[in-house]
Amino acid sequence: MIQMLVEPGRVCIKKFGRDAGSRAVIVSVGKDGYVNIVTAKRQKERKCNTKHLEFINEVVDPKNKEQINKIL
Numbered sequence: 001m002i003q004m005l006v007e008p009g010r011v012c013i014k015k016f017g018r019d020a021g022s023r024a025v026i027v028s029v030g031k032d033g034y035v036n037i038v039t040a041k042r043q044k045e046r047k048c049n050t051k052h053l054e055f056i057n058e059v060v061d062p063k064n065k066e067q068i069n070k071i072l
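Its first residue numbered 1, the sequence shown is counted upward by one per residue in full-length UniProt numbering.
A few of these clues could be false.
Unchecked claim - In the DSSO-like style, the derived pairs of lysine-lysine whose C-alpha atoms are separated by at most 27 Å in a straight line are:
#: 1; residue 1: Lys41; residue 2: Lys70
#: 2; residue 1: Lys15; residue 2: Lys65
#: 3; residue 1: Lys63; residue 2: Lys47
Stated by the list, open to error - Derived Cβ-Cβ restraints for the label pairs, each shown as a range:
#: 4; residue 1: Pro8; residue 2: Ala40; range: 17 to 25 Å
#: 5; residue 1: Glu66; residue 2: Asp32; range: 28 to 36 Å
#: 6; residue 1: Lys15; residue 2: Ile71; range: 13 to 21 Å
#: 7; residue 1: Asp32; residue 2: Lys70; range: 24 to 32 Å
#: 8; residue 1: Asn69; residue 2: Gly21; range: 17 to 25 Å
If you're looking for bench data, these hints aren't it; they were derived computationally from the structure.
Built from N, CA and C at the ideal position, the CB exists for glycine as well.
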């Protein structure tokens, strides 16, 4: 079920860590069960476990920085 939701551009909410409660966008998906995300608090791409994310039914273009900033 979670694998269907993990795709570049998917909007989600961080459940754990420094950025807990903030919105994030998945930029890329790794092979080891981790994804690279960007949050409003920290714009640099970081690795995150998919178990630490709550997925929202919104998708944006992961290459369009304007659209990412607007959704965050």
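Here's how the hints hold up against the structure:
With a C-alpha separation of about 13 Å, the suggested pair lysine 41 and lysine 70 falls inside the 27 Å cut-off, and the hint holds. With a C-alpha separation of about 23 Å, the suggested pairing of lysine 15 with lysine 65 holds against the 27 Å cut-off. At roughly 17 Å between alpha-carbon atoms, lysine 63 and lysine 47 fall within 27 Å of each other, so this suggested pair holds. Between proline 8 and alanine 40, the C-beta spacing of about 18 Å keeps the proposed range 17 to 25 Å intact.
For glutamate 66 and aspartate 32, the hinted distance range of 28 to 36 Å is satisfied, since their beta carbons lie about 30 Å from each other. For lysine 15 and isoleucine 71, the hinted distance range of 13 to 21 Å is satisfied, since their beta carbons lie about 18 Å from each other. Distance hint check for aspartate 32 and lysine 70: the Cβ-Cβ separation is about 30 Å, which falls inside the suggested range of 24 to 32 Å. The hinted range of 17 to 25 Å is satisfied by asparagine 69 and glycine 21, whose Cβ atoms lie roughly 18 Å apart.
Checked against the numbered hints listed earlier, the structure breaks none of them; every hint is satisfied.
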